[in-house]
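Using the sequences plus the hints, can you model the full thing?
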Amino acid sequence: DQQVKQNSPSLSVQEGRISILNCDYTNSMFDYFLWYKKYPAEGPTFLISISSIKDKNEDGRFTVFLNKSAKHLSLHIVPSQPGDSAVYFCAATLSGTASKLTFGTGTRLQVTL
Amino acid sequence: EAGVTQFPSHSVIEKGQTVTLRCDPISGHDNLYWYRRVMGKEIKFLLHFVKESKQDESGMPNNRFLAERTGGTYSTLKVQPAELEDSGVYFCASSHFGLAGGSTYNEQFFGPGTRLTVL
Chain A
44 DQQVKQNSPS LSVQEGRISI LNCDYTNSMF DYFLWYKKYP AEGPTFLISI
94 SSIKDKNEDG RFTVFLNKSA KHLSLHIVPS QPGDSAVYFC AATLSGTASK
144 LTFGTGTRLQ VTL
Chain V
13 EAGVTQFPSH SVIEKGQTVT LRCDPISGHD NLYWYRRVMG KEIKFLLHFV
63 KESKQDESGM PNNRFLAERT GGTYSTLKVQ PAELEDSGVY FCASSHFGLA
113 GGSTYNEQFF GPGTRLTVL
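Protein chains in written order, with my numbering: chain A, 44 to 156; chain V, 13 to 131.
Keep in mind the hints are simulated off the structure, nothing from the lab. Note that this is a predicted model, so its numbers are computed, not measured. C-beta atoms are modelled at their ideal positions from N, C-alpha and C, and glycine is treated no differently. Errors might be hidden in some of the hints.
[Claimed, not checked] Each computed DMTMM-like pair below joins lysine to aspartate or glutamate, with the alpha-carbon atoms no more than 20 Å apart: (1) V:K56 to A:E85; (2) A:K97 to V:E119; (3) A:K99 to A:D67; (4) V:K66 to V:D42; (5) V:K56 to A:D67; (6) V:K53 to A:E85; (7) V:K53 to A:D67; (8) A:K99 to V:E119; (9) V:K56 to A:D74; (10) V:K53 to A:D44; (11) V:K56 to A:D44; (12) A:K80 to V:E119.
[What the hints assert, rightly or not] Covered stretches of chain A, going by a simulated chain V footprint (3 or more residues, C-beta under 8 Å): (13) 75–88; (14) 139–153.
[Unchecked claim] Under 7 Å between C-beta atoms, here's a sample of chain V residues computed to sit facing chain A: (15) H60; (16) T116; (17) Y117.
Written out as structure tokens, the structure is:
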């Protein structure tokens with residue numbers, strides 16, 4: 044039973060436009076959410092996170108939105124750059140603990156020139 | 013500061029053989045995690061050490077997998093005997109123990125992974 048879902052395996056966006064990556068979760072116990080970025084042959088690297096007490100968190104070109112009632116979060120990248128091309132993983136966990144991360148299957152983002 | 017390192021980067025073995033993967037966490041990180049990604053699927057949790065103790069091993073697939081963290085530093089993950097379905101990329105991650113002021117979650121830093129292929 045997959046508790047974190049990323050239903051779009053891939054996304055192609057033109058440079059300079061907005062990239063929107065989506066994630067849904069089923070476990071209402073999750074209260075902390077993260078996005079990780081992964082390049083080939085490298086491990087995932089932390090990108091941005093959000094606590095369930097917020098509905099938005101912004102860091103430069105990256106913004107994460109959380110809709111708790113819909114159990115949905117999204118990552119917005121604007122403007123998209125070629126270096127953003129990577130696989131993006133959504134993850135969920137319990138705050139205030141060192142709990143495991145529960146990941147989605149990832150979305151491969153391709154930013155074209 | 014050195015990141016999480018894993019050895020080997022690749023391993024190709026035959027079904028029935030034994031393989032041992034090693035992870036060196038970031039110095040001072042008491043939390044150490046093992047995850048696995050089977051091709052195209054999600055990154056799945058295997059287990060979590062706090063120092064040398066197993067905090068959560070709910071993700072270990074079966075008793076062919078044995079993880080150790082002697083002395084609370086590096087960790088090894090042994091697969092014996094390996095089966096075809098064990099193929100995948102094994103990631104190790106580490107994080108601080110205890111929450112740093114104001115933080116609600118300690119970031120997990122991942123290593124580059126070990127790609128295991130069982131033929």
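Consistency of the hints with the structure:
{"no.": "1", "hint": "V:K56 to A:E85", "verdict": "holds, 16 Å"}
{"no.": "2", "hint": "A:K97 to V:E119", "verdict": "holds, 18 Å"}
{"no.": "3", "hint": "A:K99 to A:D67", "verdict": "holds, 16 Å"}
{"no.": "4", "hint": "V:K66 to V:D42", "verdict": "holds, 11 Å"}
{"no.": "5", "hint": "V:K56 to A:D67", "verdict": "holds, 17 Å"}
{"no.": "6", "hint": "V:K53 to A:E85", "verdict": "holds, 16 Å"}
{"no.": "7", "hint": "V:K53 to A:D67", "verdict": "holds, 16 Å"}
{"no.": "8", "hint": "A:K99 to V:E119", "verdict": "holds, 19 Å"}
{"no.": "9", "hint": "V:K56 to A:D74", "verdict": "holds, 19 Å"}
{"no.": "10", "hint": "V:K53 to A:D44", "verdict": "holds, 13 Å"}
{"no.": "11", "hint": "V:K56 to A:D44", "verdict": "holds, 12 Å"}
{"no.": "12", "hint": "A:K80 to V:E119", "verdict": "holds, 13 Å"}
{"no.": "13", "hint": "75–88", "verdict": "holds (count 8)"}
{"no.": "14", "hint": "139–153", "verdict": "holds (count 11)"}
{"no.": "15", "hint": "H60", "verdict": "holds, 6 Å"}
{"no.": "16", "hint": "T116", "verdict": "holds, 4 Å"}
{"no.": "17", "hint": "Y117", "verdict": "holds, 5 Å"}
The structure fails none of the hints (numbered hints given earlier).
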